[in-house]
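**Q** Two chains, each in its own frame: build the complex with the hints.
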Amino acid sequence: PSQVVPGADPSARQLCFAWGPAEVLVCESLFGRRGPGRAEPGADRVCFVAGSRDGGPSSSCIFVVRKDQDIYIHTLRKLFNESHGIFLGLQRREEELVGKSRKAQLVQVSKNYRSVIRACMEDMHQAAISARDPALQSQYSTQVSILSAMELIWNLCEILFVEAAAAGPLLLRLLDWVRLHVCDVDNMVREVLSSENPSKHELFWNVVDVFVLQGRMDEARHLLSKEASANPTSVNMYKILDDLMKKMPMPSLGNTQTLTEMELKWQHWHEECQRYLQDGTFASNSHMESICKILLGDEDAILEKKELMTTWYHFLVTRLLYSHPTVKPMELRFYAQMDLFLGGESSPEPLDTILMAAFEFEMHQVIKECSIALSNWWFVAHLTDLLDHCKLLQSHNLYFGSNMREFLLLEYASGLFSHHSLWQLGVDYFDHCPEYGRVYLELHIERIPLNTEQKALKVLRICEQRQMHEQVRSICKIMAMKALRNNRLGSALSWSIRAKDAAFATLISDRFLKDYCERGRFSDLDLIDNLGPSMLLSDRLTFLGKYREFHRLYGEKRFSEAARLLLMLMTAHIAPCSFWMTLLTDALPLLEQKEVIFSAEQTYELMRCLEDLTAQKSDKQKFQDDDVETMKVEMLRLALARNLARVIVKEGTLEGS
Amino acid sequence: QDNRVSIWSVGELGNGGLNGEYQGEPQLLCDIRHNGDVMDMQFLDQERIVVASSTGTVTVFRHHQSNQTLSANQRWEKAHYHVDQDTSCGGAACTGVICNNPEIVSVGEDGRINLFRADQKDAVRTIDNADSSTLHAVTFLRTTEILTVNSIGQLKIWDFRQQRNEPSQIFSLTGDRVPLHCVDRHPNQQHIVATGGQDGMLSIWDIRQGTIPVSLLNAHEAEMWEVHFHPSNPDHLFTCSEDGSLWHWDTSTDISEKPSFLHQGGRSTTYFSHNTINQSVVSAWLSNDPTKDRMEITNLIPNQTLSVNSLDILGPCLVYGTDAEAIYVNRQLFA
Chain A
1 PSQVVPGADP SARQLCFAWG PAEVLVCESL FGRRGPGRAE PGADRVCFVA GSRDGGPSSS
61 CIFVVRKDQD IYIHTLRKLF NESHGIFLGL QRREEELVGK SRKAQLVQVS KNYRSVIRAC
121 MEDMHQAAIS ARDPALQSQY STQVSILSAM ELIWNLCEIL FVEAAAAGPL LLRLLDWVRL
181 HVCDVDNMVR EVLSSENPSK HELFWNVVDV FVLQGRMDEA RHLLSKEASA NPTSVNMYKI
241 LDDLMKKMPM PSLGNTQTLT EMELKWQHWH EECQRYLQDG TFASNSHMES ICKILLGDED
301 AILEKKELMT TWYHFLVTRL LYSHPTVKPM ELRFYAQMDL FLGGESSPEP LDTILMAAFE
361 FEMHQVIKEC SIALSNWWFV AHLTDLLDHC KLLQSHNLYF GSNMREFLLL EYASGLFSHH
421 SLWQLGVDYF DHCPEYGRVY LELHIERIPL NTEQKALKVL RICEQRQMHE QVRSICKIMA
481 MKALRNNRLG SALSWSIRAK DAAFATLISD RFLKDYCERG RFSDLDLIDN LGPSMLLSDR
541 LTFLGKYREF HRLYGEKRFS EAARLLLMLM TAHIAPCSFW MTLLTDALPL LEQKEVIFSA
601 EQTYELMRCL EDLTAQKSDK QKFQDDDVET MKVEMLRLAL ARNLARVIVK EGTLEGS
Chain B
1 QDNRVSIWSV GELGNGGLNG EYQGEPQLLC DIRHNGDVMD MQFLDQERIV VASSTGTVTV
61 FRHHQSNQTL SANQRWEKAH YHVDQDTSCG GAACTGVICN NPEIVSVGED GRINLFRADQ
121 KDAVRTIDNA DSSTLHAVTF LRTTEILTVN SIGQLKIWDF RQQRNEPSQI FSLTGDRVPL
181 HCVDRHPNQQ HIVATGGQDG MLSIWDIRQG TIPVSLLNAH EAEMWEVHFH PSNPDHLFTC
241 SEDGSLWHWD TSTDISEKPS FLHQGGRSTT YFSHNTINQS VVSAWLSNDP TKDRMEITNL
301 IPNQTLSVNS LDILGPCLVY GTDAEAIYVN RQLFA
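So the protein sequences, as listed, match chains A and B.
No gaps in the numbering here: position 203 of the first sequence is 203 in the numbering used here, and each next residue is one more.
No gaps in the numbering here: position 196 of the second sequence is 196 in the numbering used here, and each next residue is one more.
Chain B on its own, in the form it takes in the complex (with noise of 0.2 Å):
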């Protein structure tokens, strides 16, 4: 097998053509072979990437935009395996990475939640057998705690601070115990957690209050693989699953933007959920009944094929890969 890690130049942001045409196909800048399937990967910084591997591998790489060349910088062979480590066999995929400069965290098939930080040869810290089930994701709800997703549906808090290797609360989804694939953090408020499952849901979860979902929407057909937040614009939600499609959950309500054949005559724009008084301006996410004409759902796919393995954005880009090889680079996304 030759898989490649591989960095690509999709022209300038801001270098929109006559009416910010399609400028061109990307460019592929500089490749490096990589041992394994790359589960996931995401940028430290700048320069560095780092990437999780089928083989329980975590690396870093470089990329030197001088000569343009990647390089691999660090590397963690063994971050994830099984109890039998003599048979050949013994690695088991590292299911997820997060990262934030310079602490890095590796989940994995075998339960394993490894903290690093970049430059240190060793662990920072491992917690063996975090869950007896595996890992499918990790991301980061403060800088010193990580939320974690499993194969029996369950969503995990773990505080680093705390010594003891057992998660400081448990989430789990009402019914089916559903593999939940994803997890995502609202950027702003840091209580509303995004999750995707096998069965193709994306459940929100207020993990101030209760145990189980706030809302539960039905999506995909197939399993959910990532779940993202528009960074700056949290309004927005993109999925992308196993049946070919990639959804944009747009919660954002601008009354003066809405064609007049939609207002009804005296009717005020009911944003406002019935919780509290108080919260005057409560995220579109949480009230109970999104469904009600607040939320816009397109599928961004027009042909969809084969699965939506991975997405990404960034402002205006939207990136996303396919099982039939393809990647396709958006960069109008709100256009």
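Only chain A is shown next, with the shape it has when bound in the complex (with noise of 0.2 Å):
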């Protein structure tokens, strides 16, 4: 159905649009409207600039258009998040389902898809009453007439194909269908029943015809014994009625009776009725000779009642109780007639059509028809997933790939995703699409909006409890950056560590180091006091917890260990070649302690550290260097040859030995 985007007026100005994964962007673009395409001066591409320039000031605006609207009607959440948890549960009780009581569970299933939409339409309806807006009322009626059309269809389904009913029982199934969904009789019996002197309401044969057309054998005959007390010259007559009411044939849900035994009884009854009506019995009183002939499955009579019937699918089941009440599934398609109820005057109904190709068992009709029809694919999805489960769709490959269900599945799930809330059901609906499913979820789960970082947490372990690493780094490489940005730091660690990045980590203690270098001293120290086993991440981040410990040593005068762990730190190559120069200036003031702290093997490795530093340097390198560059250089040489100085004479001594 074609939308009208207010605002943007395609007459004026010609409109550009970008697709997005449930929504299109359009906006107006400067182009005015199309004319016959021409060549304007000074314009490098012919082809589609066209007409005039100004068509007028454009709106600077950008539409969404969304083309999913329902999700974000409150009321269906329900429908949305229950439907979710009794779809879930069909797919993994799966392999449980075996056997005889697989139907009757499968049953089950659609009976608890049905009490949902039950559940919804009862809000809605009460949402209906309770709005004050009108526009909104008229929203929410249309919605409770959608829902109890959808709980219609699905109830048919449910009987034709879940069940599978077989003749015999079919008639009852269809009678019970009938009976649920025709309600606006409730209204008319409480009013009869409800008033003191119920044979003589205007309404009273109305509900008594009702009762009959919906084969409400006992209701009926209990409102006639009422009349009949009122009248006594019809009691003979009354007594007849209710006899052959009472008498009359149904089929039976258990084994009492077979098909055929209940045809021939049904054959001596028909034959009765037919007798006592061409005797003239009921010709006294025209209510009940009509009756009567509804009993003995008259059409003309039947349709003299359209009004109170309402629907053809309600005059059909009412025939086939009066006539052929051991009717076939299969040959219901030969009296669902739809033009003789509706008189050739009006024609069907989308849902008219929906329930006609049920009829007629066209299972991939009816859910191609719910497609069209309905604006959301919410119903067909589930419906045909349910129906894939009874193993009564043909594995119809459609010619991208995947087969009905998947692609319904896929279409709805897809939706989902474009709530900020639901996309969490979602999830799961593509974890049971087994060609495309994987394939959606990692495209769409990127696409999350992540505002708070339980919500990445929670999209986090969606994504690694089906291994999709890549997604995991990307979203964590996200949120780190942003706490960087934020000057989190410890943040950002905690990210890396979870996406096990060592070039973030890296990236993290390069900007600790920094920090330091700038202002003398750490900042966070609760983190890099606290790395633990996430230290060997990165060698960077090893080297800063490391060099942490270093002047924690320092700070604790434990000179000897400091001074082997700095060691350690440059031989080692732990530390970067630019933090050399640093740590060997941490190293002066352990030099120049009164005892000595560095052996001459220490100090021997300390003065190739310093070389090697220096020899690294270019000619123009040392020409650039200012002189606290070389002070500093020289500083160390002093320092380290007078340790050296120091130690060997030490080491030299022979101290208790």
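Some hints here could point you the wrong way.
Said to hold, decoys possible - Under the rule of at most 27 Å between Cα atoms (straight-line distance), these lysine-lysine pairs were calculated in the DSS-like manner:
{"#": "1", "chain 1": "A", "residue 1": "Lys514", "chain 2": "A", "residue 2": "Lys477"}
{"#": "2", "chain 1": "B", "residue 1": "Lys78", "chain 2": "A", "residue 2": "Lys482"}
{"#": "3", "chain 1": "A", "residue 1": "Lys246", "chain 2": "A", "residue 2": "Lys293"}
{"#": "4", "chain 1": "A", "residue 1": "Lys455", "chain 2": "B", "residue 2": "Lys78"}
{"#": "5", "chain 1": "A", "residue 1": "Lys293", "chain 2": "A", "residue 2": "Lys226"}
Unchecked claim - Here are a few chain A residues that face chain B, going by a calculated C-beta distance under 7 Å:
{"#": "6", "residue": "Asn187"}
{"#": "7", "residue": "Glu453"}
{"#": "8", "residue": "Pro533"}
I should point out that these hints are in silico values taken from the structure, not numbers from a laboratory.
We treat Cβ as the ideally placed atom computed from N, Cα and C, and that holds for glycine.
**A** Put into structure tokens, the structure is as follows:
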């Protein structure tokens, strides 16, 4: 169905658009109306620049056109959530569904779906009543009727396809179906029953007729008895009619009688009714006579009560009840004739076409018609999945690879993903689409906006459970970058640990080291002091941790340990080359201590490091070095030499040896 | 987004039916729009509720019982924010609130701790950059001390009597520094603290001694979102998780209740741990081997699907909420 985008006027300006996962971005371009193509002077593109340049001031708006509006209806959320639970239960129990109980369990699942639809209908109805805004009220009322139609269709599909009721029970189920869904009669019934003198009520006979049309014999008889007691003259007629109605054979649910037995009984009963009618027993009371004709299955008599039945499918079931109670499922299509009822004045509505397709057992037609008629994929996706579990759909491969069930589930779940909260349901649907589910999930999950850490954690957990490592890395990187930009170095580190992202950990460590160099002290000591095993994630991080440890050791005056650590940092190449100068400078106070800390070996090592460092510098760099740099190097050389001198003496001395 | 804070009525507590059955669905009494996601909330007193928002705002709502309405009583905007306040995403989510009337403490993704007093416009105390990572939860240890947990696996004690902005004590997990998401303190024995981590592990800490947990219990398969000791029956602990389960940890042992086939002839109850003889009643939480048939763990959710985000308990009532947009109330927890 086409949609008008308010504010965007294609007659004034050309529109441009871009597709998104579930929506389209539309905006007005600068170009005016399309006229005959001609080359504008100065324009370098001839093909599409046409018409006048100025189509008037353009609205500076970007429109977001969403195709799935239903997911935003508040009262429908219950439908989506509850049906998600039922859907999952069905998929998970698939292995357990074997043997005879399988059908019963599938019928139960179908009933669960229907009860969810009804609960939603109730809520929507309440909302419609309490809504004050008339536009909202009409929207809710429309929704109620749509849900009601959905339940009607689903119920019929359950009877014909899921339960696959056989001849006999089929009629009983169809009677239940009709009784459940033609509810305007209930008001009428209540009105009549609650009046003091029901038999004198003007609608009395209507109610009796309705009961008869719906096969509710006991209730009809009960009402008729009131008439009989009020009208003694017709007692005889009443007794006969009552008797006929009592004796009417009905198909049974259990195995108490076979079809042939029932047919025989029915034949006898039918003949008896015929006799009474022909004898003129009911001639004096037109109402009772018409009831008798209905019992005989007289089409014209039944059609007279068109207003009471209101729909052609009610008519169908009544006809079957009184002419072919043992109808077989496949014979339904011969009796389902809309034109008899509609009389050719009105054309069938979408609902009528769908129900007709169901009676004709054209499952694919039903699904196709529902897809077209409904604005949301919910109904067809869940129904098709259920039918697929009943093993009723041939694997009808669509030309792009997946089967119908999968296609519908993918469409439905994709719609869910554009919702800020219902996307979580969509994940499980994708899981149960074997061919394309994973790919769809991978594409969609990266586009969920992550405005809090908790949401990011949920998304990550979903990815990790499905071994989607690319997505894990990408999401962790996004979160880590955000944290870094907000100066939350601890958070950034925690994200890179989760993704096992060594490169990012290196980035964070460099940031810490930069901070240290600029300020002369470490920030966030609680983090660096407590890195634990995560220190090993990246070399730079290890260096950071160890360097901090060096500072701690120095602060605790454990100089020899500090010295050893410092040396190890350089010789084991844990420290980046850029930092060596700083480390050597840190060694200075240790070299200048009163007691000798570095051994001869260690001093030689330090000297070697210093030489390596200075040798690496090119001549050009040496010229650029300012005085401070050269002085530092000089001081180091001096200190090292002095230390070497002292330590050689110390080690050479026989101390307590 | 249409987020709301709502108040529901679940019927009278003492009004059990014939056999104490389920009394009917919870009824919505009133609700009010809330800006941003509700990250945490707690009752301040009988009428006021403190709510933490993902926009960084802490709001106090008042429930007017006379006409069943909710109104915003007080609001601290930008209680939590990142460095860059000019950008639109300057607000940082407030991840946890805890109340001890009239004081309210909030923590957030910006690593900040705020101490508010109800009815005072400005924060009483703010500790900026208390943590370099996100603070996930907070709870009161004593009236002037709080416990916080963060995303690098640390449990910190903060003392508000001290003027310096440093924690008075830091505890951390051994091994991997898994983020901790929730914390709760034993109602009677204040040295026992329980935390839940991102890997679903439940850790029990004794804050009088050591800096590492006393016991680590492998619990859930995904993030543990909340942990609560039962306020009046602290032998019972409840945890809920992203994996969709809610566990009831029961360390109460009453030999007389157990069926006789569990008694092994002559074996007396090994309730007392082998720590010290002086402590005749040692909490079962601190014993070294809590899994030795002294703890009963039950999953209270039969068909788990989506995450259980939050739970609370009071008396025999348990209430929890899931990502399937459903709230469950169980009013006979110990039946």
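**Q** Work down the list of hints and note, for each, if the structure agrees.
**A** Consistency of the hints with the structure:
1. A:Lys514 - A:Lys477: holds, 21 Å
2. B:Lys78 - A:Lys482: holds, 19 Å
3. A:Lys246 - A:Lys293: Answer holds: Lys246 of chain A to Lys293 of chain A is near 16 Å, not above 27 Å.
4. A:Lys455 - B:Lys78: Roughly 20 Å separates the two Cα atoms, so the pair holds.
5. A:Lys293 - A:Lys226: holds, 21 Å
6. Asn187: Since chain B brings no Cβ nearer than about 27 Å to Asn187 of chain A, farther than 7 Å, the hint is violated.
7. Glu453: holds, 6 Å
8. Pro533: Interface hint status for Pro533 of chain A: holds (6 Å vs cutoff 7 Å).
Going through the hint list in order, the structure does not satisfy hint 6, though it satisfies all others.
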